[in-house]
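Peer 1: For the protein sequence lines, the chains are A and B, in the order given. Under numbering that gives the first Met the number 0, the first residue of the first sequence carries the number 0, and numbering increases by one thereafter. Under numbering that gives the first Met the number 0, the first residue of the second sequence carries the number 0, and numbering increases by one thereafter.
Each hint should be verified, as a subset may be incorrect.
The list treats identical chains as one, so a pair stands whether inside a single copy or across any two.
Claimed, not checked - Below, a list of computed lysine-lysine pairs in the DSBU-like style, where the Cα atoms sit at most 35 Å apart: (1) Lys113 to Lys242; (2) Lys113 to Lys24; (3) Lys6 to Lys214; (4) Lys214 to Lys24; (5) Lys113 to Lys6; (6) Lys88 to Lys242; (7) Lys24 to Lys6; (8) Lys88 to Lys113; (9) Lys88 to Lys24.
The hints are simulated quantities; they were obtained by calculation from the structure and are not laboratory data.
Chain by chain, the residues run as shown.
2 protein chains.
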Amino acid sequence: MSVIYDKVALIGLGLIASSMCHAIKRAGVAREITGFARSAETRETARELDLCTVFDSAAEAVEGADLVVLCVPIGAMGAVMQDIAPALKPGATVSDVGSVKRAVFDAVIPQLPKGVHFIGGHPMAGTEHSGPRSGFAELFDNRWCLIVPPENVDEAALTRLTDFWAGLGSNINMMEVDHHDLVCAVVSHAPHLIAYTMVGVADDLHRVTDTEVIKYSAAGFRDFTRIAASDPTMWRDVFLTNKEATLEILGRFTEELFALQRAIRMGDGDHLFDYFTRTRAIRRGIIDAGQDTAAPDFGRAPVKKD
Amino acid sequence: MSVIYDKVALIGLGLIASSMCHAIKRAGVAREITGFARSAETRETARELDLCTVFDSAAEAVEGADLVVLCVPIGAMGAVMQDIAPALKPGATVSDVGSVKRAVFDAVIPQLPKGVHFIGGHPMAGTEHSGPRSGFAELFDNRWCLIVPPENVDEAALTRLTDFWAGLGSNINMMEVDHHDLVCAVVSHAPHLIAYTMVGVADDLHRVTDTEVIKYSAAGFRDFTRIAASDPTMWRDVFLTNKEATLEILGRFTEELFALQRAIRMGDGDHLFDYFTRTRAIRRGIIDAGQDTAAPDFGRAPVKKD
Numbered sequence: 000m001s002v003i004y005d006k007v008a009l010i011g012l013g014l015i016a017s018s019m020c021h022a023i024k025r026a027g028v029a030r031e032i033t034g035f036a037r038s039a040e041t042r043e044t045a046r047e048l049d050l051c052t053v054f055d056s057a058a059e060a061v062e063g064a065d066l067v068v069l070c071v072p073i074g075a076m077g078a079v080m081q082d083i084a085p086a087l088k089p090g091a092t093v094s095d096v097g098s099v100k101r102a103v104f105d106a107v108i109p110q111l112p113k114g115v116h117f118i119g120g121h122p123m124a125g126t127e128h129s130g131p132r133s134g135f136a137e138l139f140d141n142r143w144c145l146i147v148p149p150e151n152v153d154e155a156a157l158t159r160l161t162d163f164w165a166g167l168g169s170n171i172n173m174m175e176v177d178h179h180d181l182v183c184a185v186v187s188h189a190p191h192l193i194a195y196t197m198v199g200v201a202d203d204l205h206r207v208t209d210t211e212v213i214k215y216s217a218a219g220f221r222d223f224t225r226i227a228a229s230d231p232t233m234w235r236d237v238f239l240t241n242k243e244a245t246l247e248i249l250g251r252f253t254e255e256l257f258a259l260q261r262a263i264r265m266g267d268g269d270h271l272f273d274y275f276t277r278t279r280a281i282r283r284g285i286i287d288a289g290q291d292t293a294a295p296d297f298g299r300a301p302v303k304k305d
Numbered sequence: 000m001s002v003i004y005d006k007v008a009l010i011g012l013g014l015i016a017s018s019m020c021h022a023i024k025r026a027g028v029a030r031e032i033t034g035f036a037r038s039a040e041t042r043e044t045a046r047e048l049d050l051c052t053v054f055d056s057a058a059e060a061v062e063g064a065d066l067v068v069l070c071v072p073i074g075a076m077g078a079v080m081q082d083i084a085p086a087l088k089p090g091a092t093v094s095d096v097g098s099v100k101r102a103v104f105d106a107v108i109p110q111l112p113k114g115v116h117f118i119g120g121h122p123m124a125g126t127e128h129s130g131p132r133s134g135f136a137e138l139f140d141n142r143w144c145l146i147v148p149p150e151n152v153d154e155a156a157l158t159r160l161t162d163f164w165a166g167l168g169s170n171i172n173m174m175e176v177d178h179h180d181l182v183c184a185v186v187s188h189a190p191h192l193i194a195y196t197m198v199g200v201a202d203d204l205h206r207v208t209d210t211e212v213i214k215y216s217a218a219g220f221r222d223f224t225r226i227a228a229s230d231p232t233m234w235r236d237v238f239l240t241n242k243e244a245t246l247e248i249l250g251r252f253t254e255e256l257f258a259l260q261r262a263i264r265m266g267d268g269d270h271l272f273d274y275f276t277r278t279r280a281i282r283r284g285i286i287d288a289g290q291d292t293a294a295p296d297f298g299r300a301p302v303k304k305d
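For reference, chain A alone in the conformation it holds in the complex (with noise of 0.2 Å):
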């Protein structure tokens, strides 16, 4: 792999850049990393990782960058963008790692020096875990990288973005921004919330033992904690700034569970089975595109404490 950017600047320091920090490396896409977290914490850490040279200052961290990329969560990038505008390098391109684009859009669009490109970034991977010392470099081998590219975007800076997130290893595909905020309220923001609600419930529930909801987690509830383990902050901000596409889902999911729970309560039990049946068709749609195993146990097998 060859160099794509001399220098990339990541603000924040968390999963998604420490794990950039160390696939930037391993393709040498790359000649320089440069970084910023706003927590003196994190950025000491980040230095005892030597995950990249680290400075006190987003906008020295910044200076003199080729791809700059704001991996904080998205209600704090219009403040980032702020301090970071003046210290732009011209024809420099600044990207994002949010999982909201349109907010990202309206936050960072209007401070944009003129001269510095502008293109969405989402790669679609994660771990429950939070902090620079979670990052790895596989996180985004195979994995989903949407770009979303603004009206007019500058196609040399696009082809860059785009080999530089091949080069981390992940697969590409573009989409429109208000389009993207709406697939990922489908596939990923509702589910969550609606897995964060259900953890939720069980832990509310006192005839029910925390020991028992943790124990028997296997039948069908552990699936959920596992999502409603992400980090707190971002999701926050997900749910913030994608409010109307994911209240509409919700909105929707809400109609139907009250059409189900009118058939258990009326005991209809042709519409619960013709309901699970079609389900169960989009399950194995999953399957036959790859993007989950079919083995037994669902794929994965109690792991015993060492």
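Got chain A; can you put chain B on it based on the hints?
Peer 2: Chain B in isolation, oriented as in the chain A frame:
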């Protein structure tokens, strides 16, 4: 492992019963296995696989059996009991593998001949596949099998059944019948209905294509499809027979979901953040209890098609 029952009869020859055949042979806990399935095709397949001695009526299959296990959907248990009651051997034990226990007690116990014991069983194990070909000996290994005794249970019969399931690889827990149904409503039945609903909603949306839903399913949606692919008949009967507990949990779920939707609509970030921090702690509990892996990618990689 020594022989626990001379003759075990399995009524219904789907995923659970066929796995029991394999596991019984592996453990050597029975000298003889007989079986019956309502569908001629299933009986034919079971004969072809040499799972057990297959009879063309349930009454013939249970003749002389020391243990009879009802492996049919919950809604069919009453009718099966009517068929087999006159043929049951005095001193035999009847058990079952249903996910709901009060409804099975109500369907089975009134029809029990004098001198025949009934003890409920619920092996918490499964895959998204159904039918006699889907069984395998390891299905119950390290899985919970909940044993639900009636009042005044015969202690010798209870010990024998417990030893039998332990021989098949299960970890055993004893539970009172109504508590069983409530625990299962929380950890399994409500999560399944919610998963079915979410998958159905995604399928209904026309602005987001099926291809997109499937392609990007790893972002959260996939975790729902996993459990929404289970057997439609079995799950229809679960919801119809554990109606009250399931509806109660779903009611609590809906309240909680409305509160979170309201927080999103009002922009109440603190409410969301606090809620998500709490659910994250529950996930940690599950990992600490050895019920799941903390590995990146949540324990499973997407699988390439051959």
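Peer 1: Does each hint fit the structure? Answer for all of them.
Peer 2: Evaluated hints:
1. Lys113 to Lys242: within (31 Å within a copy, 63 Å between copies)
2. Lys113 to Lys24: Classified as within: same-chain Cα gap 31 Å, cross-chain 75 Å, threshold 35 Å.
3. Lys6 to Lys214: between (49 Å within a copy, 33 Å between copies)
4. Lys214 to Lys24: between (42 Å within a copy, 28 Å between copies)
5. Lys113 to Lys6: within (20 Å within a copy, 84 Å between copies)
6. Lys88 to Lys242: Cα proximity of Lys88 and Lys242: one copy only (34 Å, versus 64 Å across).
7. Lys24 to Lys6: Within one copy, since 12 Å is at most 35 Å while 64 Å is not.
8. Lys88 to Lys113: within (10 Å within a copy, 89 Å between copies)
9. Lys88 to Lys24: Within one copy, since 23 Å is at most 35 Å while 72 Å is not.
Violated hints are absent here; each numbered hint is respected by the structure.
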